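**Q** Chains A and B are the protein sequences, given in the same order. Residue 1 is where the first sequence starts when you use the numbering used here, and the numbers rise one by one after that. Residue 1 is where the second sequence starts when you use the numbering used here, and the numbers rise one by one after that.
Rather than coming from a laboratory, the hints here were simulated on the basis of the structure. Quantities reported herein were computed from a predicted structural model and do not represent experimental measurements. Among the hints, erroneous ones may be present.
Stated by the list, open to error - Straight line, CA to CA, 25 Å or less: simulated BS3-like cross-link-like pairs of lysine-lysine:
{"hint": "1", "chain 1": "A", "residue 1": "Lys82", "chain 2": "A", "residue 2": "Lys24"}
{"hint": "2", "chain 1": "B", "residue 1": "Lys599", "chain 2": "A", "residue 2": "Lys181"}
{"hint": "3", "chain 1": "A", "residue 1": "Lys148", "chain 2": "B", "residue 2": "Lys367"}
{"hint": "4", "chain 1": "A", "residue 1": "Lys337", "chain 2": "B", "residue 2": "Lys627"}
{"hint": "5", "chain 1": "B", "residue 1": "Lys585", "chain 2": "B", "residue 2": "Lys684"}
{"hint": "6", "chain 1": "B", "residue 1": "Lys585", "chain 2": "A", "residue 2": "Lys148"}
{"hint": "7", "chain 1": "B", "residue 1": "Lys506", "chain 2": "A", "residue 2": "Lys181"}
{"hint": "8", "chain 1": "B", "residue 1": "Lys32", "chain 2": "A", "residue 2": "Lys242"}
{"hint": "9", "chain 1": "A", "residue 1": "Lys183", "chain 2": "B", "residue 2": "Lys502"}
{"hint": "10", "chain 1": "B", "residue 1": "Lys32", "chain 2": "A", "residue 2": "Lys218"}
{"hint": "11", "chain 1": "B", "residue 1": "Lys32", "chain 2": "A", "residue 2": "Lys244"}
{"hint": "12", "chain 1": "B", "residue 1": "Lys32", "chain 2": "A", "residue 2": "Lys100"}
{"hint": "13", "chain 1": "A", "residue 1": "Lys181", "chain 2": "B", "residue 2": "Lys98"}
{"hint": "14", "chain 1": "A", "residue 1": "Lys275", "chain 2": "B", "residue 2": "Lys41"}
{"hint": "15", "chain 1": "B", "residue 1": "Lys377", "chain 2": "A", "residue 2": "Lys148"}
{"hint": "16", "chain 1": "A", "residue 1": "Lys269", "chain 2": "B", "residue 2": "Lys488"}
{"hint": "17", "chain 1": "A", "residue 1": "Lys265", "chain 2": "B", "residue 2": "Lys32"}
{"hint": "18", "chain 1": "A", "residue 1": "Lys337", "chain 2": "B", "residue 2": "Lys684"}
{"hint": "19", "chain 1": "A", "residue 1": "Lys244", "chain 2": "B", "residue 2": "Lys488"}
{"hint": "20", "chain 1": "A", "residue 1": "Lys269", "chain 2": "B", "residue 2": "Lys32"}
{"hint": "21", "chain 1": "A", "residue 1": "Lys275", "chain 2": "B", "residue 2": "Lys32"}
{"hint": "22", "chain 1": "A", "residue 1": "Lys242", "chain 2": "B", "residue 2": "Lys627"}
{"hint": "23", "chain 1": "A", "residue 1": "Lys100", "chain 2": "B", "residue 2": "Lys585"}
{"hint": "24", "chain 1": "B", "residue 1": "Lys585", "chain 2": "A", "residue 2": "Lys337"}
{"hint": "25", "chain 1": "A", "residue 1": "Lys148", "chain 2": "B", "residue 2": "Lys41"}
{"hint": "26", "chain 1": "B", "residue 1": "Lys506", "chain 2": "A", "residue 2": "Lys183"}
{"hint": "27", "chain 1": "B", "residue 1": "Lys421", "chain 2": "A", "residue 2": "Lys148"}
{"hint": "28", "chain 1": "A", "residue 1": "Lys269", "chain 2": "B", "residue 2": "Lys41"}
{"hint": "29", "chain 1": "A", "residue 1": "Lys218", "chain 2": "B", "residue 2": "Lys488"}
{"hint": "30", "chain 1": "B", "residue 1": "Lys488", "chain 2": "B", "residue 2": "Lys502"}
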Amino acid sequence: MKDQLEKIKQEALKQIEASDALEKLGDIKVAYLGKKGELTSVLKSMKDVAPEDRPKIGQMVNEAREAIEGKLEAAMAALSKKAREEQLKKEVIDVTLPAKRSRVGHTHPNTIALEEVERIFVGMGYEVIEGPEVEYDHYNFEKLNIPKNHPARDEQDTFYISDNIVLRSQTSPVQVRTMEKGKLPIRMLAPGRVFRSDEVDATHSPSFHQIEGLVIDKNITFADLKGTLAEFARELFGPETKVKFRPHHFPFTEPSAEMDVTCFKCGGKGCRFCKGSGWIEILGCGMVHPNVLAMSGIDSNEYSGFAFGVGLERIALLKYEIDDMRLLYENDIRFLKQF
Amino acid sequence: MNTPLSWVKAYVPDLDVTPQEYTDAMTLTGTKVEGYECLDKNLEKIVVGHIQSIERHPDADKLIVCQVNVGNETVQIVTGASNVKTGDKVPVVLDGGKVAGGHDGGPLPENGIKIKKGKLRGIESCGMMCSIEELGFTNELYPDAPESGIYILPEDSVPGSDAVELLGLHDSVFEYEVTSNRVDCYSVIGIAREAAATFNKPFIPPAVTATGNSEDVHDYLKVTVEDSRLCSRYCARMVKNIKLAPSPVWMQRRLAACGIRPINNIVDITNYVMEEFGQPMHAFDYEQLAGHEIVVRCAEDGELFQTLDGQERKLDSTVLMIRDGEKAVGIAGIMGGENSKITDEIHTMVFESACFDGTNIRLSSKKVGLRTDASGKFEKGLDPNNAQAAIDRACQLIEELGAGEVVGGMIDVYPEKRECKLIAFEPERMNRLLGTDIAPETMLEYYKRLELEYDEKTGEIIIPTFRQDLECMADMAEETARFYGYDKIPVSLPTGEATTGKLSYKLRVEEVAREVAEFSGFSQGMTYSFESPKVFDRLLLPEDSTLRATVNILNPLGEDYSVMRTTPLHGMLNSLSTNFNRRNKNVRLYELANIYLPKSLPLTELPDERMQFTLGFYGDGDFFDMKGVIEEFFEKTGMKLKPHYDPNAGKTFLHPGRQADIIYDGVNIGYLGEVHPEVADNYKIGDRAYVAVIDMPSMIPFTSFDRKYTGIAKYPAVTRDISMVVPKNVLVGQIEEVIAQRGGKILESYELFDIYEGAQILAGFKSVAYSITFRAADHTLEEQEVSGVMKKILNGLQALGIELRA
């Protein structure tokens, strides 16, 4: 019996060692340890063994079983590992093959520029407000201190729909509409389309965008205007950007100014981009004219404010170095894709 | 406005600055310098030469050899010019010097032309005698120069002295951008006053002296102004015994530097005073004025008039005219008439210096289609008190130049004298507005430089009439600020009540639209708001389509931009077309922009501006890709219901079998479809194209950014597949409606997994298969629950003529 067991064990271990596939190991397992396997049949013949020998034989069977099982497991693990390695080796890919991309679309450069500006001012507590693009004359002009036949109307060749309705030539009417609502203080940003009868060329378009800003509160000063817009310029064009304010004239602000920023191409040294001056004109601004405040029902003795207007296309063209404004309205995908 | 710096310096004698310093400082006080040009920038080593002798060139017929005394030596110069003779004084550029241009007067090279010693046909030439073109000018502006040939200098010129100096070319010409409120700065005097204030130097304007003989102009001429609203002042003086002659060189030089061609003393004086004082003047031939009178009155409707440029002009009753006793002799403030212009035979003339209403001149100038230097100034609204100063200055120059005999006195029709304004001096308020702490005395000192006097008794600033732009405290604050220096004003940020920075709800929804579109491969386009009315034909819109009722622009940039769009389709299709024709593949675009729907026509109130979210593509994809983008958008904006698609959208511009209105909760919020092949042809898009338009105002009420979590199901789902034979005309949407309506509470989802037409299926039918999933939130479903609901669904489907497939 003992010899028989030893023989079975040796035979099994030999077979396991010779196996080169997981299936074969499975077969071995069944042949020796299965219900009808050799070890099992040994156990079945225990009834023929003398009762006093049984524990000893039982122990021997168990030892044989453990030895076989142990060897089987180790062999299986080794074979599995080998199989996994072979599989991985087979599955090598050329990682330099082209990527599979979902074709994500692109945001229009005007919108990218607008979002940058909005982000800056929303962070400073400004609410973004819109107004109508087809606008009453009195909002576009009269309530901005530009009465009928004022020469400033010529400077903004306006499209007329009727005697008293125009395509707004500026976003400034949104100032008036906001002030008229009577809710103070005001910190608003009004982006939108404006229209002027300029023929289309590389630097002109009859339809373009402006961003209007307005702050009305007690004790707002020209210094606040300077501080706010200098901060804006640094955020938009980089922390090194310097600003310069030049006196200018707008009918709806007094004092008025134009703001230049140091050329972001040459840093102010002067280059072709800034025509050698080192400065680039970026926006118009000023303290809201007392007449404008009065016409919107705001007491200029108590409240003051500042306003500014930026050309969105101007920012986009400068920032992204686009040399022809027409590109912005052609929608050629090869242009849009670059943003 | 172009002005030589030398002219400004004439009235600010202590001004000693470089052109760049001048540019920077003037710009910072509000007189923006657009640029300047140094007239001598490429003129080097140019001296007065005295021609000692001239000989013929031995080997060239057209050349001569001159010995020229250039001061400390005599040099030999060979020239092809034929106008020089022995004894002439000429400008000579010495060896190594530079001139501005070639003798042909073509465009000036940026860095001029270097002149070197050399040989011309074997004979040495040490330098060059210069023509006016080589000095950078033209015979037009320098009428004393010959039409071709060497410029001849005055006889008393000193050989070897600086010829550039002699020609007045050590000067720079400045171009200013004068803002429309500063009419006074459209004049040399105005600019000089600003320059003096900027650099804090004395301002010494020309002293206008009394002029005229012992006669009285009233004995010669009568002036009547019928409409003093349109002509607030009319000054007239007369000059007799006129001696027409060229004006002196100094006057010609100043006019030339301003770009004005010198003509003769009378015309030049008129132009000179217009530049100097900013006051346009006109000269009439006295002999041509019928009745020796002037009447200022509007034209008759339809009246014709020939202006002095020879053009016939049609007038109407709003155009102010200058007339004599019988006829019109000029369009007020715009241009004089052919019939009374100054000719070479002039003997006696009338000077007019008037103040016309700016608005009227502006409108008349537009109506007549004629804009002149004069009208450009008048339309800004001139100071009537300047009119007299200007006419007196002109008469002074007439006398100084010996151009004629000035008749004594002035006719002055000035019914309502313009007085100085008074503005309260409020230094504290100004400092509060500016955020500064400027001393009141400092402010007053700035004002004084600008001739704004302070009345201590009343505490008011006296505003001279030439500063019509100053009206209130804020204006005075600007005067303070610009001389204090905008750069010196401190920098701060607004304080006070905090406000919430935010986007409007509408803008938030639009932001989501952009995100969804872009992640679905669409790039953002922008197109114009106005278009041609012809686009409606290209879109096959019927004649009676409401979309043809447009808001029209009265003064469009041509028909192509004449109507406000009522549909965003043209913009989209046009952009797709541009891309298709440039051979761009698989193009997907979207736009967020308004359409403009009139509430009534003609327009009495503002139109309805409706934001449209428009998507379009050609190339990869089909109707259902587009539908998918729309549904992604709805999902991202919290629209939980399933939209309905009504194929009877009736869009003429879409494929009749491939279009649908998008109905959400019973409301039409847009449409989508394949572009009608004929429309695609009209736009030359040679591929199937798809569009979708969402009317944002209709959609936004259904959106929400509120999100609530509902528990993830704990109990198992039961799925039933059904395979049906469906009459062809029944839409899948109808089947889904039945499933949705009859599925009850336990219906979780349903999904189409097969649709098939063709062999094995009876003609007129299609095979459709759905997988329907049921689940209860609180228990495991039992067989009979599911069977009950399925039965209801099947009954509903049978009512549509649908049979289950075996």
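**Q** State for each hint whether it applies.
**A** Results of checking the hints against the structure:
1. A C-alpha spacing of about 15 Å is found between Lys82/A and Lys24/A, which places the hinted pair at or below 25 Å, so the restraint holds.
2. Pair hint Lys599/B plus Lys181/A holds up; C-alpha atoms about 24 Å apart against a cutoff of 25 Å.
3. Restraint check for Lys148/A and Lys367/B: the C-alpha separation of about 17 Å stays at or below 25 Å, so the hint holds.
4. For a cut-off of 25 Å, the pair hint linking Lys337/A to Lys627/B stands: about 24 Å separates their Cα positions.
5. Between the alpha carbons of Lys585/B and Lys684/B the distance comes to roughly 15 Å, so the proposed pair stays at or under 25 Å and holds.
6. Restraint check for Lys585/B and Lys148/A: not satisfied, since their Cα atoms lie roughly 51 Å apart, outside the 25 Å limit.
7. Restraint check: the Cα-Cα separation between Lys506/B and Lys181/A comes to about 19 Å, which is no more than 25 Å; the hinted pair holds.
8. Only pairs whose Cα atoms come within 25 Å are accepted, and Lys32/B paired with Lys242/A is accepted, the gap being roughly 20 Å.
9. Simply put, Lys183/A and Lys502/B have alpha-carbon atoms about 16 Å apart, close enough for the 25 Å limit, and the pair holds.
10. For the hint linking Lys32/B to Lys218/A, the alpha-carbon distance of about 32 Å lies beyond 25 Å, and the restraint is violated.
11. The straight-line distance between the Cα atoms of Lys32/B and Lys244/A is roughly 13 Å, inside the 25 Å bound, and the hint therefore holds.
12. Distance hint between Lys32/B and Lys100/A is unfulfilled; the C-alpha atoms sit about 56 Å from each other, more than 25 Å.
13. Distance restraint check for Lys181/A and Lys98/B: the Cα-Cα separation of roughly 67 Å exceeds the 25 Å cut-off, and the hinted pair is therefore not satisfied.
14. Restraint check for Lys275/A and Lys41/B: satisfied, since their Cα atoms lie roughly 19 Å apart, inside the 25 Å limit.
15. For the given pair, Lys377/B sits about 19 Å from Lys148/A by alpha-carbon distance, which is consistent with the 25 Å threshold.
16. Between Lys269/A and Lys488/B the alpha-carbon distance is near 22 Å, which keeps this suggested pair within the 25 Å criterion.
17. A distance of roughly 23 Å separates the Cα atoms of Lys265/A and Lys32/B; the hinted pair therefore holds under the 25 Å criterion.
18. Restraint check for Lys337/A and Lys684/B: satisfied, since their Cα atoms lie roughly 23 Å apart, inside the 25 Å limit.
19. A hinted pair counts as satisfied when its Cα atoms are at most 25 Å apart, and Lys244/A with Lys488/B qualifies at roughly 11 Å.
20. Of the supplied pair hints, the one linking Lys269/A and Lys32/B holds, its CA atoms being roughly 21 Å apart against a limit of 25 Å.
21. With a C-alpha separation of about 16 Å, the suggested pair Lys275/A and Lys32/B falls inside the 25 Å cut-off, and the hint holds.
22. Simply put, Lys242/A and Lys627/B have alpha-carbon atoms about 50 Å apart, too far for the 25 Å limit, and the pair is violated.
23. A C-alpha spacing of about 17 Å is found between Lys100/A and Lys585/B, which places the hinted pair at or below 25 Å, so the restraint holds.
24. Using a Cα cut-off of 25 Å, the hinted pair Lys585/B and Lys337/A holds, with the two alpha carbons roughly 13 Å apart.
25. Of the supplied pair hints, the one linking Lys148/A and Lys41/B is violated, its CA atoms being roughly 46 Å apart against a limit of 25 Å.
26. Distance check on the hinted pair: Lys506/B and Lys183/A sit about 20 Å apart at the alpha-carbon level, within 25 Å; holds.
27. Taking the CA atoms of Lys421/B and Lys148/A, the gap is near 23 Å; set against the 25 Å cutoff, the hint holds.
28. Restraint check for Lys269/A and Lys41/B: satisfied, since their Cα atoms lie roughly 22 Å apart, inside the 25 Å limit.
29. For a cut-off of 25 Å, the pair hint linking Lys218/A to Lys488/B stands: about 23 Å separates their Cα positions.
30. Proposed proximity of Lys488/B and Lys502/B is contradicted: the alpha carbons are some 33 Å apart, above 25 Å.
Going down the numbered hints, you'll see the structure goes against 6, 10, 12, 13, 22, 25 and 30, while the others check out.
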